[in-house]
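Residue numbers (the working numbering), protein chains in the order written: chain A, 4 to 342; chain B, 13 to 296.
It is possible that part of the hints are untrue.
Label pairs and their in silico Cβ distance ranges [unchecked claim]:
| id | chain 1 | residue 1 | chain 2 | residue 2 | range |
| --- | --- | --- | --- | --- | --- |
| 1 | B | Phe131 | A | Ile295 | 24 to 32 Å |
| 2 | B | Leu138 | A | Ser138 | 45 to 53 Å |
| 3 | B | Gly190 | A | Gly276 | 45 to 53 Å |
| 4 | A | Ser178 | B | Ala98 | 34 to 42 Å |
| 5 | A | Ala197 | B | Pro105 | 14 to 22 Å |
| 6 | B | Ala165 | A | Ser138 | 37 to 45 Å |
| 7 | A | Ala171 | B | Pro105 | 26 to 34 Å |
Listing some non-contacts, in silico: residues in chain A with all C-beta distances to chain B over 12 Å [said to hold, decoys possible]:
| id | residue |
| --- | --- |
| 8 | Pro26 |
| 9 | Leu72 |
| 10 | Tyr151 |
| 11 | Ala174 |
| 12 | Arg181 |
| 13 | Arg185 |
| 14 | Val205 |
| 15 | Met210 |
| 16 | Leu260 |
| 17 | Ser272 |
| 18 | Gln313 |
If you are wondering where the hints come from, they were derived from the structure by calculation, not from laboratory data. All residues carry an ideal CB built from backbone N, CA and C; glycine is no exception.
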Amino acid sequence: MNLNHVLWAVGLAILIALPFLAPPYFLHLVIQILIWAFIYTAWSLMGRFGFVSFGHGAFLGVGAYVPALLWNYYGLTPWLGIPLGVAGAVLLAIVVGYPCFRRRVVGHYFALVTLALSQVVLLSLVAARDITGGSLGFTQKAVGHSWYALQFPEKGYFYVIAVLLWLAGLAAWRSIDRGIGREALEAISEDEDAAAAVGIDVMRQKMRVTIVSAALTAVGGAIYGQYVMYLNPETVSGIAVSLQIVFAAIAGGVYSLLGPSVGSLLTLSLTEGLRVWFGTDYIGAANTIYGILLVLCIIFMPQGIVGSLQGMRRRGAIAKPLVTLDRQSATRRPSSAAQ
Amino acid sequence: MDIYLLEAIINGILLGGVLALLALGLNLIFGVIDVVWICYADIVMCGMYAIFFLYAQYHVPLPLAFLIAIIGIAALGILVHLFIIAPVLDSAPINQLLATGGLLFFLQSFATLLFGTDFRNIGVRLPVLEVATIYVSFARLIAFAVALIGAVALYVFLKRTYIGTAIRAISQDREIVGLMGVDQRRIYLVVSGIGGALAGLAACLLALQYDVHPFIGNTFGPVIFMICVLGGLGNMIGGFIAAFVISQIIAIGGYYSSTELSYVFAFTFFIVLMFIRPRGLFAP
Chain A
4 MNLNHVLWAV
14 GLAILIALPF
24 LAPPYFLHLV
34 IQILIWAFIY
44 TAWSLMGRFG
54 FVSFGHGAFL
64 GVGAYVPALL
74 WNYYGLTPWL
84 GIPLGVAGAV
94 LLAIVVGYPC
104 FRRRVVGHYF
114 ALVTLALSQV
124 VLLSLVAARD
134 ITGGSLGFTQ
144 KAVGHSWYAL
154 QFPEKGYFYV
164 IAVLLWLAGL
174 AAWRSIDRGI
184 GREALEAISE
194 DEDAAAAVGI
204 DVMRQKMRVT
214 IVSAALTAVG
224 GAIYGQYVMY
234 LNPETVSGIA
244 VSLQIVFAAI
254 AGGVYSLLGP
264 SVGSLLTLSL
274 TEGLRVWFGT
284 DYIGAANTIY
294 GILLVLCIIF
304 MPQGIVGSLQ
314 GMRRRGAIAK
324 PLVTLDRQSA
334 TRRPSSAAQ
Chain B
13 MDIYLLEAII
23 NGILLGGVLA
33 LLALGLNLIF
43 GVIDVVWICY
53 ADIVMCGMYA
63 IFFLYAQYHV
73 PLPLAFLIAI
83 IGIAALGILV
93 HLFIIAPVLD
103 SAPINQLLAT
113 GGLLFFLQSF
123 ATLLFGTDFR
133 NIGVRLPVLE
143 VATIYVSFAR
153 LIAFAVALIG
163 AVALYVFLKR
173 TYIGTAIRAI
183 SQDREIVGLM
193 GVDQRRIYLV
203 VSGIGGALAG
213 LAACLLALQY
223 DVHPFIGNTF
233 GPVIFMICVL
243 GGLGNMIGGF
253 IAAFVISQII
263 AIGGYYSSTE
273 LSYVFAFTFF
283 IVLMFIRPRG
293 LFAP
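Use the sequences and the hints to build the structure in full.
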């Protein structure tokens, strides 16, 4: 317990010191890791309960494109554009999620329906090439340093935004983890009929977690867009980014707070490291190794990296199953929920 | 009726044949092994590359190149099962989906690494037939015919042979079949091999019509899943019909608007239908 606090303190100290010490390129990498960590955490809110969505590419795309388009065409500040984008993503989540849950579209079927949703957004963005620039991508009008436009050429600002965003994502994860809803959702993911029979409002619980997950993903997409100042349908929507989200989250581990973040850290630094290592002569080398690691990870560590490490640590301490321990620690210190 | 619309419809039917063939392979694997190979279209991509290199680079005669590709991809299917599916056979279904998804990443990037992102064509130019002022590509006609023959051959194999009967039995009741003296592991390997061979066959037909590049799987993959789910995962006849429904939506949608929008229509149609019939169009 104390060790955990010390680790958190050290981690935060490093995060605070980083912008003063790290070179810009490194900082750039860290900002990306944090933004994606936030998105992966948002995904894991659903993923951990067995609702494996390949539709987060859709939410990400809507969240990223709506504020960017509104800014370029109407000069609308992202401070209004981002909420509109989030509203769009939530609307999409409701329009697809509600009938899905009502009609009991689960498992493979849910994964494939949401995959189709991602493709719909991707192809719509490409098809509307007169407005979005299609596959060539879309660049926001740059105005230099501006709070109104939420554009900062200096990395420091986005670093702070990314850190705050990431912490907010962790807080959201934890509040669901510690809330009563978690027990309900776990019950639903194990047996929906039984859950309904003991009085759980299945629809309400599922919709709630879906909406939160979609909204946060859209926010992540918007901030990512504001940061890199270039959007491409392929990188913020469609099957590729959806798989990227699912994989990184699963590889890190969806059952633990920091799992998706570790997934983001590892996958992005691996991709980046391999890219630097191989240079541009070997396009694809990085992802080849990445793909192999993913397969190995899923075969040998289905709990994800963090989950497996925790499992080892716990097996060393007390021989009890993971879930039971989590619940005990949750009841033992309810006051620390806001951490 | 507009002559171009008619042409679009005919081309849609012809495209449907190849899609139906792919859906058959995926459905067979799902129905028997209960695993969705999300990388199925990328395995087809491997076959297309094999054909390209054998024929265009090393000047192997085309029929021989086709044969090698079909056998090679069948072997690849067996390897995929042995090394990726078999270890996760007992874990959560979603992990199986993700394991093959990892393979998708691997195949796409490995192809990029080996061959670059260039579009390559095997350079076989088949004539275009003109029937009563309607242009029909000969390559598509062949693809359609071969796809139908392949489907019928698979049907006969499943209905008439001992091992085909065993395969159908497994898809009906996985638990009991072991007691009847059927070796599940062997059946799984056979099915993966057949699934691979169908992917190889589809690769031959697609290589005649399309350029091959590392991400061609992303074009077909999602459509094939959609077809399988629409027909009811594991329901081969349903998938076969669904292939033609979807290819018609794509063809007619493409005629009235753009290619991308026609796919948007198809995917939206799929999503809406899933709400109306969650277990597929032809679910009992």
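To see whether the hints hold, each was checked on the structure:
1. With their beta carbons about 26 Å apart, Phe131 (chain B) and Ile295 (chain A) fall inside the hinted range of 24 to 32 Å.
2. Separation of Leu138 (chain B) from Ser138 (chain A) is about 29 Å and departs from the stated range, judged on CB atoms against 45 to 53 Å.
3. As the Cβ distance of Gly190 (chain B) to Gly276 (chain A) is approximately 47 Å, the hint placing it in 45 to 53 Å holds.
4. Taking the beta carbon of each, Ser178 (chain A) and Ala98 (chain B) are about 40 Å apart, inside 34 to 42 Å as hinted.
5. Taking the beta carbon of each, Ala197 (chain A) and Pro105 (chain B) are about 19 Å apart, inside 14 to 22 Å as hinted.
6. One distance hint, 37 to 45 Å for the beta-carbon pair Ala165 (chain B) and Ser138 (chain A), holds here, with the actual separation near 39 Å.
7. Taking 26 to 34 Å as the suggested C-beta distance range, the pair Ala171 (chain A) and Pro105 (chain B) conforms, at roughly 32 Å.
8. Every beta carbon of chain B lies more than 12 Å from that of Pro26 (chain A), the smallest distance being close to 28 Å; the non-interface claim holds.
9. For Leu72 (chain A), the shortest C-beta to C-beta distance to chain B comes to about 17 Å, beyond the 12 Å cut-off, and the non-interface label holds.
10. Here Tyr151 (chain A) stays apart from chain B, with its beta-carbon at least about 34 Å from theirs, past the 12 Å limit.
11. Ala174 (chain A), annotated as away from the interface, keeps every beta carbon of chain B farther than 12 Å; the closest lies near 27 Å.
12. Here Arg181 (chain A) stays apart from chain B, with its beta-carbon at least about 25 Å from theirs, past the 12 Å limit.
13. For Arg185 (chain A), the shortest C-beta to C-beta distance to chain B comes to about 19 Å, beyond the 12 Å cut-off, and the non-interface label holds.
14. Every C-beta of chain B lies more than 12 Å from that of Val205 (chain A), the closest at about 15 Å, which supports listing it as non-interface.
15. Residue-level check passed: Met210 (chain A) sits 15 Å from the nearest beta carbon of chain B, beyond 12 Å.
16. For Leu260 (chain A), the requirement that its beta carbon stay farther than 12 Å from each beta carbon of chain B is met, with the minimum near 21 Å.
17. In this structure Ser272 (chain A) is separated from chain B by more than 12 Å, as the shortest Cβ-Cβ distance comes to about 17 Å.
18. Here Gln313 (chain A) stays apart from chain B, with its beta-carbon at least about 18 Å from theirs, past the 12 Å limit.
Consistency note: the structure conflicts with earlier hint 2 alone.
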